[in-house]
Amino acid sequence: MIDPALLYGLTGAAVVGLGLYGFLSLRHLLRRVLAFNVVGSGIFLMFGAAGYRGAVAEGTAGADPVPQALIITGIVVALAATALAVGLILAHARATGRRTLPEDDT
Amino acid sequence: MLLDVILCGMILAVALAAVSGLGVFRAVVFFVVHGVLVSMAWLRLDAVDVALAEAAIGAGLTGVLLLSAVARLERLAGGGAWRQRVNVLPAGLAAAGVTGALMWAFLGLPQPAGLGAEVAAALPRAGVENPVTAVLLNFRGWDTLLESVVLLAALVGVWALTADDDWGARAGVAQHAAPGGVLEGFGRVLPPLGLMVGVYLVWAGAAGPGGAFQGGTVLAAVALLLAMAGLAPAPRVGAPALRLALVAGPAVFLGVGVAGLAWGGFLRLPPDIAKPLILTIEAALTLSIAVTLALLVLGRPEPGDGA
Amino acid sequence: MIPGDGAGGALMATVALPLAGSLLAVVLGRHGAQVAGGVALGVGAAVAVLAAQVAGGGVLRVDLGGWAPPLGIALMADGLAVAFLGLGAVVMAAVVAQAAALFSTRGGESRAGYGFWPLVMVLWAALNLTFLSRDLFNLYVALELLTLGAVALVAIGGQAGPLAAALRYMVFALMGSLLYLLGAVLLYAAHGTLDIDLLAIRAQPAPPDLVAAGLITAGLAVKTALFPFHAWLPPAHAGAPAPASAVLSALVPKGSFFILWRLWFEAMPDLAAPPVLTLLAGLGGAAVIYGSALALMQGRLKMIVAYSTVAQLGYLFLVFPLAGGAGAAQPWEASAWTGTAFQALSHGLAKAAMFLAAGLFVMAVGHDRLEGLRGLARTMPMAVFGFGLAAVALLGLPPSGGFTAKYLVMTAAFASGQVVWAGVLVVGGLLAAGYLYRPMAALFADAAPGPLTPVPRRLQALPLLLAGLAIGLGVASDAPITFLAIGRPDAAAEGL
Amino acid sequence: MIDALDGIDGLRDAASMALTGLGLAFFVAGTLGLVRFPDSFSRLHALTKADNLGLGFLALGLALQADHWGQVLRLALIWGLALIAAGIAAQLVARAALAEAARRRR
Chain V
1 MIDPALLYGL TGAAVVGLGL YGFLSLRHLL RRVLAFNVVG SGIFLMFGAA GYRGAVAEGT
61 AGADPVPQAL IITGIVVALA ATALAVGLIL AHARATGRRT LPEDDT
Chain C
107 MLLDVILCGM ILAVALAAVS GLGVFRAVVF FVVHGVLVSM AWLRLDAVDV ALAEAAIGAG
167 LTGVLLLSAV ARLERLAGGG AWRQRVNVLP AGLAAAGVTG ALMWAFLGLP QPAGLGAEVA
227 AALPRAGVEN PVTAVLLNFR GWDTLLESVV LLAALVGVWA LTADDDWGAR AGVAQHAAPG
287 GVLEGFGRVL PPLGLMVGVY LVWAGAAGPG GAFQGGTVLA AVALLLAMAG LAPAPRVGAP
347 ALRLALVAGP AVFLGVGVAG LAWGGFLRLP PDIAKPLILT IEAALTLSIA VTLALLVLGR
407 PEPGDGA
Chain P
414 MIPGDGAGGA LMATVALPLA GSLLAVVLGR HGAQVAGGVA LGVGAAVAVL AAQVAGGGVL
474 RVDLGGWAPP LGIALMADGL AVAFLGLGAV VMAAVVAQAA ALFSTRGGES RAGYGFWPLV
534 MVLWAALNLT FLSRDLFNLY VALELLTLGA VALVAIGGQA GPLAAALRYM VFALMGSLLY
594 LLGAVLLYAA HGTLDIDLLA IRAQPAPPDL VAAGLITAGL AVKTALFPFH AWLPPAHAGA
654 PAPASAVLSA LVPKGSFFIL WRLWFEAMPD LAAPPVLTLL AGLGGAAVIY GSALALMQGR
714 LKMIVAYSTV AQLGYLFLVF PLAGGAGAAQ PWEASAWTGT AFQALSHGLA KAAMFLAAGL
774 FVMAVGHDRL EGLRGLARTM PMAVFGFGLA AVALLGLPPS GGFTAKYLVM TAAFASGQVV
834 WAGVLVVGGL LAAGYLYRPM AALFADAAPG PLTPVPRRLQ ALPLLLAGLA IGLGVASDAP
894 ITFLAIGRPD AAAEGL
Chain Z
910 MIDALDGIDG LRDAASMALT GLGLAFFVAG TLGLVRFPDS FSRLHALTKA DNLGLGFLAL
970 GLALQADHWG QVLRLALIWG LALIAAGIAA QLVARAALAE AARRRR
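Chains as they are written, first to last, in this note's numbering: chain V, 1 to 106; chain C, 107 to 413; chain P, 414 to 909; chain Z, 910 to 1015.
No wet-lab data here; the hints were simulated from the structure.
Among the hints, erroneous ones may be present.
Looking from chain P toward chain C, a few residues come up when the C-beta cut is under 8 Å (computed) [claimed, not checked]:
| no. | residue |
| --- | --- |
| 1 | 440 |
| 2 | 469 |
| 3 | 472 |
| 4 | 475 |
| 5 | 484 |
| 6 | 485 |
| 7 | 532 |
| 8 | 535 |
| 9 | 561 |
| 10 | 599 |
| 11 | 625 |
| 12 | 710 |
| 13 | 891 |
Beyond 12 Å from chain P on every Cβ pair, some chain C residues (computed) [as the list claims (entries may be wrong)]:
| no. | residue |
| --- | --- |
| 14 | 154 |
| 15 | 198 |
| 16 | 332 |
| 17 | 375 |
Quick reminder that beta carbons are idealized off the backbone N, C-alpha and C, glycines included.
So that you can see chain V by itself, here it is in the shape it has in the complex (with noise of 0.2 Å):
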């Protein structure tokens, strides 16, 4: 049967596939955001899945735990990333109406 670190590898890069199909895509600019979070979802979940991987070859207790730190820094990078995006999007939409940015407008 297929191993579960490779299962959730792939699932993770499906997943970055997604994401950065609507950030590219998506016209929204909360969307997009959304978008980001996916794809960084996705990034950390291929990530942990080689972890996963290298700690069962390696017969160690749990999953590598430096994949594991540093997954968490990158959740809270990517949340200070959105908190940041989200308050301009708000400024620009109070400033001048729009949820897309200029150029995105039809």
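Once you've looked at the hints, dock chains C, P and Z against the given chain V.
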């Protein structure tokens, strides 16, 4: 094994719905569900600390942040039918290309390589038993210090977006919870329990899953609930106590780092006193993280229009 | 390679001091300017001490927390890194001096005054870290800190235009950091380490390494505003307040380019297939042509200077085919490598001088449209002379640092037979003369300038000082050349 | 499967399976209610009632498998919190739906 396949299928379906559906509110709801499912995937991948962080920060706080943004944005720039997407084909091709490359790379990974063995070898000198906390606060403490500064920089950036005459007002939008209502009752029942769980998470982080970020996020949620229930008004931007709380975590971490120069190098924690040092750093970090995350979600001071 | 634990103090101070300064500025809202002044002096001293240590004892490495890679994070200061730290220190000192007048918080704490100082110091710390760190994930966190600070600085003005520019900058920057993170994750999954020196040993042309290198290069190209991804840079840099645009244009893109430089010359030198390197330089060349062409058509001074940044950054990418990959062991590699370092340094000094001077013009006239600046040379001679000197450095006319850079890269191009890059240098220089002539003509026109608020002379001295340094870089260029050679990856013989 | 049923362990496993099965049935009922019922108030009614009860049975079923009292208390705490949260959320959503309906009528 079947659970993994089902879980991955659901994660993909919900991610697709979050990205391709109509309407931003529905996308945010699907995003929160995606976060919960991914945190379950972390449990399957034997990474409990990350599952806690993903559920608390990835699904929880980011979800609240986006939901409140959706509500405010509808009022500011609502209405009007317009095209959801632009240049769909190039975006699809680029995304498919990256996904294909990633899968090709993931399948082409050589024999598994990880630092599990090195961490296990160095763990006795790290001062804490939980390997993830050891990596976060000792081996790669420099990353965590910078990460707390990133949070602070994002908050200063959000506050700098305030209107000039609103400066000095209370953070976030004026909340309207019905006095004596259901939310206020909830605001009285949950915080004591939330505080206990948050502090326990930080303390347990030394030996088991948990830590400053997960605990800090729970405390931030308690603070947000108090603000939304109208029981504790959000602090003013200029309040000195607030500013000290914001800076406490990075400042203590930087202080311990500079003190390390006396023991031979920046951020060097001598093994015998590593545990107390790490716990003081974690306590200060939790305080800063809780305050910063709560204020980041509340957003910039807007005394003008209510929620 | 001295694992200088004791001597690591100066190296750490270049990053720890600005961090401590930003924390202090968050608490002491009103005294941000004084804190920044103190930090500028401190970091200047630390960079001087570090330069002496590196000049004396060669490359200096510090393992943070005492944990050596792959477990811990290593910081390393070689000639190149210290040169860029010096550029940062000089430009930041001038920016802090001018911003102290612009964002003064004497009359009580204002929003812009409160926000500017912590952000500019956090940006400085992140920038210094991108020059020093040897760990790819640590560089990712530094890049995020750099980007968040930069985006917040662009939006600090608060008007609608800069807000849209900051938002576009944020979208591009998020895209760049995602691609970079993907590459770093793949490298860890493949080799179990994120340290540049360990990756140099373990990297081999297998699928994960190739995909990772491609993703990291794409991500950093977006963050350095390389040609197809440059749309965000001009409105962002022109929309920011003048001191902030000086930092943004002169320093921030160089941080992400520096990581690209480390990647291709130290982490994966043999992975660089010639077609990839030629593509990078081709995009650089296109950036030079396209940026200059657009700069010719701009009506506002700050937009001209911002598009000139897009063009000048293009020159930096010429180093890859000339000095990377197959060219690594050739005699001309050293001069192409040093020439690009000179280009980055002299562009940093000259661009900062230009944006500070533009800030003074806006302070005097109230806007930066070209027709409003007519005849300013008579009333603000020092600032206009500084702007002129900076233009000389950007054009690469002797004796400026820009000339030394172009001379070194051009001789490398001829020696290696890739004459097209020499062509790019020449055409770029001509176009630069074109787009810089229009503002100079307006400034030196003999029309009487309209009503303008007087600008204190000590502020006018700042752009003159920076532009003078850019010229001085060319005059006394032998000392920097030998300093830059310290710790160069495969220091080829001094061929030319 | 057969030898697991004899003795006390067998009885406990059987009870656990029965309880979790019952819990699952309530979840299905709740979801069915969400899909079938016409307006948001009846949907809220179905969701909060059925899902909370389902979670209760699930918790009970898992409690049987717990190997020390700490886990049973934690399961009870989780169920209690879920009850409170679902109740509060249902109240707020209902109030919002009422306000929305009133605004739409005006």
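Results for each hint:
Hint status for residue 440 of chain P: holds, given a least beta-carbon distance of 5 Å to chain C, under 8 Å. A hinted interface residue such as residue 469 of chain P counts as satisfied when its beta carbon comes closer than 8 Å to some beta carbon of chain C; here the least separation is about 20 Å, so the hint is violated. Checking residue 472 of chain P against chain C: minimum C-beta separation of about 17 Å lies over 8 Å; hint violated. The beta carbon of residue 475 of chain P is positioned within 8 Å of a beta carbon in chain C (closest approach about 7 Å), and the interface hint is therefore held.
Hint status for residue 484 of chain P relative to chain C: holds, with the closest Cβ pair at about 5 Å, below 8 Å. This hint holds: residue 485 of chain P has a C-beta 6 Å from the nearest C-beta of chain C, less than the 8 Å allowed. Here the hint on residue 532 of chain P is kept, as its CB sits about 6 Å from the closest CB of chain C, short of 8 Å. With a least beta-carbon distance of about 5 Å to chain C, the hint placing residue 535 of chain P at the interface is held under the 8 Å criterion.
At its closest, the beta carbon of residue 561 of chain P sits 5 Å from a beta carbon of chain C; the interface hint therefore holds under the 8 Å criterion. A hinted interface residue such as residue 599 of chain P counts as satisfied when its beta carbon comes closer than 8 Å to some beta carbon of chain C; here the least separation is about 5 Å, so the hint holds. With a least beta-carbon distance of about 7 Å to chain C, the hint placing residue 625 of chain P at the interface is held under the 8 Å criterion. At a threshold of 8 Å, the smallest CB-CB gap from residue 710 of chain P to chain C is about 25 Å, leaving the interface hint violated.
Interface restraint check for residue 891 of chain P: the shortest CB-CB distance to chain C comes to about 34 Å, outside 8 Å, so the restraint is violated. Here residue 154 of chain C stays apart from chain P, with its beta-carbon at least about 20 Å from theirs, past the 12 Å limit. The beta carbon of residue 198 of chain C sits about 16 Å from the closest Cβ of chain P, which is more than 12 Å, so the claim that it is off the interface holds. Interface exclusion of residue 332 of chain C from chain P stands, the closest Cβ pair being 24 Å apart, more than 12 Å.
Consistency note on residue 375 of chain C: stated as away from chain P, yet its beta-carbon is not over 12 Å from all of that chain's, at 7 Å minimum.
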